[in-house]
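Trainee: Sequence:
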Amino acid sequence: MKLLKKFSVLTFIALSVVFTSCSKDDDDSSPSIIGTWELVKSEYNIYSNGGFKDIVEEGDGTENVTFYSNMTGTDMDGTTFVWKLEGTAMTLTSKDEDGEESSSTGEIQKLTDKELVLYSTHKDGDNEFYYRDTFKRK
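Mapping of the sequence shown onto our numbering: position 1 corresponds to residue 80, and the numbering continues sequentially without gaps.
Calculated from the structure, these hints are not laboratory results. It is possible that part of the hints are untrue.
Said to hold, decoys possible - Listed next, the in silico BS3-like pairs over lysine-lysine satisfying Cα-Cα at most 27 Å (straight line):
{"hint": "1", "residue 1": "174", "residue 2": "202"}
{"hint": "2", "residue 1": "202", "residue 2": "189"}
{"hint": "3", "residue 1": "163", "residue 2": "132"}
{"hint": "4", "residue 1": "193", "residue 2": "163"}
{"hint": "5", "residue 1": "132", "residue 2": "189"}
{"hint": "6", "residue 1": "215", "residue 2": "163"}
{"hint": "7", "residue 1": "217", "residue 2": "132"}
{"hint": "8", "residue 1": "163", "residue 2": "202"}
{"hint": "9", "residue 1": "132", "residue 2": "215"}
{"hint": "10", "residue 1": "132", "residue 2": "174"}
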């Protein structure tokens, strides 16, 4: 009886080790923004003739943005920026040719291994404009 009990305890320990070591908790498979993304669609609104007009433009394959792991990146015009991500809120900070710093904050609405959707708004007086850019990973 002691031998059977000892065998049961050893079997339980062995199975615990096997199942614990096979756990997927150690696998961080969440998508990363790091890499180069090609703009496939821009959606935004403009104020024209006393009202807002929604615009949708398809990407032409030449507009890319790259996010590097050192928290910097380059935009479609080749401008270097610093990026910060807190949850889904993303802030991009860059300097213009005069050295003036500007920041913009948006939201990551979707991030998968293949698709990134960024959304932001801009207020100008009483008018609020939105921008939604959809990218695919290159």
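Trainee: None of the hints should be skipped; say for each whether it holds.
Mentor: Verification of the hints:
Of the pairs offered as hints, the one joining residue 174 and residue 202 holds, with about 21 Å between alpha carbons and a cut-off of 27 Å not exceeded. Restraint check for residue 202 and residue 189: the C-alpha separation of about 23 Å stays at or below 27 Å, so the hint holds. A C-alpha spacing of about 31 Å is found between residue 163 and residue 132, which places the hinted pair above 27 Å, so the restraint is violated. With a CA separation close to 21 Å, the supplied pair residue 193 and residue 163 stays within the 27 Å bound.
A threshold of 27 Å between alpha carbons decides the hint, and for residue 132 with residue 189 the separation of about 24 Å falls inside it, so the pair holds. Between the alpha carbons of residue 215 and residue 163 the distance comes to roughly 20 Å, so the proposed pair stays at or under 27 Å and holds. Our distance criterion of 27 Å between C-alpha atoms is broken by residue 217 and residue 132, whose separation comes to about 31 Å. At most 27 Å may separate the alpha-carbon atoms for a hinted pair to count; residue 163 and residue 202 meet this at roughly 21 Å.
Distance restraint check for residue 132 and residue 215: the Cα-Cα separation of roughly 26 Å lies within the 27 Å cut-off, and the hinted pair is therefore satisfied. Using a Cα cut-off of 27 Å, the hinted pair residue 132 and residue 174 is violated, with the two alpha carbons roughly 30 Å apart.
Going through the hint list in order, the structure does not satisfy hints 3, 7 and 10.
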